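Participant: Sequence:
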Amino acid sequence: MDGEAPPPSLPPSFPTYVFPQQDQIAAEEIDWVTLFSGGSDVAQGGGSERRPPPAPPARDDPGGKDENNNDSNRVVRRVRKAIPPRIAFHTRSVDDVLDDGYKWRKYGQKSVKNSSHPRSYYRCTHHTCNVKKQIQRLSKDTSIVVTTYEGIHNHPCEKLMESLSPLLKQIQFLSRF
DNA sequence: CGGCTTTGACCCGCGC
DNA sequence: GCGCGGGTCAAAGCCG
Numbered sequence: 001m002d003g004e005a006p007p008p009s010l011p012p013s014f015p016t017y018v019f020p021q022q023d024q025i026a027a028e029e030i031d032w033v034t035l036f037s038g039g040s041d042v043a044q045g046g047g048s049e050r051r052p053p054p055a056p057p058a059r060d061d062p063g064g065k066d067e068n069n070n071d072s073n074r075v076v077r078r079v080r081k082a083i084p085p086r087i088a089f090h091t092r093s094v095d096d097v098l099d100d101g102y103k104w105r106k107y108g109q110k111s112v113k114n115s116s117h118p119r120s121y122y123r124c125t126h127h128t129c130n131v132k133k134q135i136q137r138l139s140k141d142t143s144i145v146v147t148t149y150e151g152i153h154n155h156p157c158e159k160l161m162e163s164l165s166p167l168l169k170q171i172q173f174l175s176r177f
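Sequential numbering of the first sequence, starting at 1, is according to the numbering used here.
Take the hints with a grain of salt, since some may be wrong.
Unchecked claim - With a cut-off of at most 30 Å between alpha-carbon atoms, the simulated BS3-like pairs for lysine-lysine come out as follows: (1) Lys132 to Lys110; (2) Lys113 to Lys103; (3) Lys113 to Lys132; (4) Lys106 to Lys140; (5) Lys169 to Lys106; (6) Lys169 to Lys110; (7) Lys140 to Lys110; (8) Lys103 to Lys132; (9) Lys140 to Lys169; (10) Lys140 to Lys113.
Said to hold, decoys possible - Label-pair ranges, simulated between beta-carbon atoms: (11) Ile87 to Lys140: 17 to 23 Å; (12) Ser111 to Phe89: 18 to 24 Å; (13) Tyr107 to His155: 16 to 22 Å; (14) Leu167 to Leu98: 44 to 50 Å.
These are calculated hints, taken from the structure and not from any lab test. No experiment lies behind these values; they were computed from the predicted model shown. For every residue, glycine included, the Cβ atom is placed at its ideal position computed from N, Cα and C.
Work the whole structure out from these sequences, hints included.
Facilitator: Spelled out as structure tokens, the structure:
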């Protein structure tokens, strides 16, 4: 498509954070109360918010690919509408994925209704971290990328620690005197 | 060779 | 009850 409008008077590599307006982001997309009241474990794996399966329906798997109770795995992963803390913001950038310092692994992509651009699903690669994020480009303004974070990281930012480690070492060294 | 992306299939929630 | 839309899984392929 050649109708790609370049960001107006903005360096292409410099993301600009645009706070969403009320009519652009649904209110429930930002659960500030849950967010600031330490509701991070909602998105963690150890939460008790898991769907209680009293009697999991014996789904017959046509593929028969589950040899070691894949059913139970699927049952466990289904979370009842727990509404984890979510932060959605708009970013003006030519890059779909903005580098926030964390490492993400893509686990899905889906075309959504009312949008010509697919929505991408990412998950934090840290073993103990369950944070997810969705990335979608606005159909109205293709220079705007909507990033929705779900959950809170329970580990330090790798890149941040990487850049800080020399400084920390120096501080430790100096603190011995 | 290990990690990541792609992509089709599957499952669930919700509205009608 | 049914269909639609959204979210996730997992196998296969790709790449450094």
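Participant: For every hint, state whether the structure bears it out.
Facilitator: Going through the hints against the structure:
A C-alpha spacing of about 15 Å is found between Lys132 and Lys110, which places the hinted pair at or below 30 Å, so the restraint holds. At most 30 Å may separate the alpha-carbon atoms for a hinted pair to count; Lys113 and Lys103 meet this at roughly 28 Å. Taking the CA atoms of Lys113 and Lys132, the gap is near 21 Å; set against the 30 Å cutoff, the hint holds. Straight-line distance between C-alpha atoms of Lys106 and Lys140 comes to about 24 Å, which keeps the hinted pair within the 30 Å bound.
Between Lys169 and Lys106, the direct Cα distance comes to roughly 34 Å. Violation of the 30 Å bound is thereby established for this hinted pair. Between Lys169 and Lys110 the CA atoms are separated by roughly 44 Å; this puts the pair beyond 30 Å, and the hint is violated. Taking the CA atoms of Lys140 and Lys110, the gap is near 18 Å; set against the 30 Å cutoff, the hint holds. Of the pairs offered as hints, the one joining Lys103 and Lys132 holds, with about 11 Å between alpha carbons and a cut-off of 30 Å not exceeded.
In summary, the hint linking Lys140 to Lys169 is not supported, as the alpha carbons are separated by about 48 Å, beyond the 30 Å threshold. At roughly 13 Å between alpha-carbon atoms, Lys140 and Lys113 fall within 30 Å of each other, so this suggested pair holds. For Ile87 and Lys140, the Cβ-Cβ distance of about 21 Å falls inside the hinted range of 17 to 23 Å, so the restraint holds. The given range of 18 to 24 Å is respected by Ser111 and Phe89, whose C-beta atoms sit roughly 22 Å from each other.
Taken as a hint, the range 16 to 22 Å holds for the pair Tyr107 and His155, whose Cβ atoms sit roughly 19 Å apart. At roughly 25 Å, the beta-carbon separation of Leu167 and Leu98 lies outside the given 44 to 50 Å, and the hint is violated.
The earlier numbered hints that this structure contradicts are 5, 6, 9 and 14.
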